[in-house]
Structures are given as structure tokens and as C-alpha cells.
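Undergrad: Chains A and B supply the protein sequences, listed in that same order. Under the working numbering, read the first sequence as residues 1 to 120, first letter to last. Under the working numbering, read the second sequence as residues 1 to 120, first letter to last.
If you are wondering where the hints come from, they were derived from the structure by calculation, not from laboratory data. Fair warning: this is a prediction, and the values are worked out from it, not measured in the lab. Where hints are given, some of them may not hold.
Copies of the same chain look alike in the list, so a pair counts if it fits in one copy or across any two.
Think about it this way: if two alpha-carbon atoms lie no more than 30 Å apart in a straight line, the pair counts; the simulated DSSO-like pairs of lysine-lysine are [what the hints assert, rightly or not]: (1) K37 - K4; (2) K13 - K44; (3) K44 - K4.
2 protein chains.
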Amino acid sequence: MIEKSNIPELLSKFQDHWNPRIVGELNGQHVKLAKFKGEFVWHKHDNEDELFLVINGSFTMQFRDGDVQLSEGDFLIVPRGVEHCPVAEQEVSVMLFEPASTLNTGDAGGELTRTDLVRL
Amino acid sequence: MIEKSNIPELLSKFQDHWNPRIVGELNGQHVKLAKFKGEFVWHKHDNEDELFLVINGSFTMQFRDGDVQLSEGDFLIVPRGVEHCPVAEQEVSVMLFEPASTLNTGDAGGELTRTDLVRL
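Okay, chain A solo, but in the shape it has when bound (with noise of 0.2 Å):
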């Protein structure tokens, strides 16, 4: 029997910021959760576009250009190749739809790397 998800549900599973949750796998791709609060790093992702999609609170997207800000029910897809840091003033819950393959710190590496995400 196929199960749905609930997305309250998921979010209460966790607290830390930064480590996005798989909570779903199709045609490749991912879909996470994750709560965000600071500011993370500059990175940009060679071969995966990325979307971010706004569940609680509210967030800003940099890029080099200029800084979109997203609040609850925003969505913004950060194509392959474009230099992007998110930062949070207050903790945000956001929903990350992105190809099984993409690494949270894209070619930035370092210390917030998260790899073998936990699976809810």
C-alpha cells in the first residue's frame, strides 16, 4: 500500500539547521526537508538545478546580483551553475525538490557538508 507524507509531521522529527531530511524519491530526484537559521556558504551546483520551496517563515536568497526574499508559499528554482547563499534570520522550513545526486554545499565543501542524510 503506497502511504502519503505529512509535511508538519516531518518537520517536527528534527530541529538542527542546515541538514536536510529525504523525505521522498522519484524519477531520480529527492525531495527534502530541512530548517535553515544564519547564514550558510556560497556554493553553486555544476549538473543540478535546484528548487526551494517555502514552508514556514522566511528566508533571503543571495546571489551575486541581488537577494530574493522568500516567505511561506515562494518558491524559487536556483539553476545549475548559478552562485546562490541562502540566509536566515529567523529559523525557516523549506522544502528542496533537486536530483538525487546533489550535495548541500555544492563545490563549496567544508564543515556544514552533509552527506548520508537521514531518511524520514
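Start from chain A and add chain B according to the hints.
TA: Using the frame of chain A, we list chain B on its own:
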């Protein structure tokens, strides 16, 4: 400059049922918004998995082995090859993630088939 999209604003731009709009494209996948009301047709997609995320309202995804009720904040992934038929007593707004190749009625065809989807 990369622009965001707002789901409620996009949903306000159309009123018809069973006629998905394309609201984003990434990695060969489409992000769509649709409004459902009434019963669709039983069908399957031989090569595409489909994600349904409820934005407003509720609906039932019928499978051959049982029903799944979905409300706001719920999502469901229908794997390729699995027969399904959505039904909504009241209007429901749904976000879809699926390959760009996906036809709404899959293998069933018929009068509810929509090609050349409008991009919002």
C-alpha cells in the same frame, strides 16, 4: 535576475479543473499546479513517478488496493506503473512534480487529456 513564484498568486490565475499549469522546470522535471474537482480517470504512467502535494483542500487518491485521503500539507508519490484515480468532493489545489514527459491521463487517454499545457 532569478525570480521567485508565489503559489497562491499562481493559483488565482486559473479556475478550471483537471488542467495543470506548468509553473517551473528543473532537471527535466516539471512543477505544476492544478485544481481538482470530481473524479478523474483511472490511469497509470509507464515511465514516470508522480508527486502530489496538497496546497488547499483535500482529495482521495484511489488505488486498486485501497484509498488514501490527502489534506493540506500531505504529499504522496505514485510510482510508475501503478494505477490511480484522484477524486475530490470539493475543489482541491495540488502541486505536482513529475517528468516533463508526463501526460495527465497517462495510458488512459480520453476527453480529460491535456497537452500543450499553459505555463504561468
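Undergrad: So, for every hint listed, does it hold in this structure?
TA: Verification of the hints:
In this homomeric assembly, K37 and K4 come within 30 Å of each other (Cα to Cα) both inside a single copy, at 28 Å, and across copies, at 20 Å. For the identical chains of this complex, K13 and K44 are intra-copy neighbours only, at 28 Å inside a copy versus 33 Å across copies, given an alpha-carbon limit of 30 Å. When the C-alpha separation of K44 and K4 is checked against a cutoff of 30 Å, the pair qualifies only between copies, where the shortest distance is 18 Å, while the shortest distance within a copy is 32 Å.
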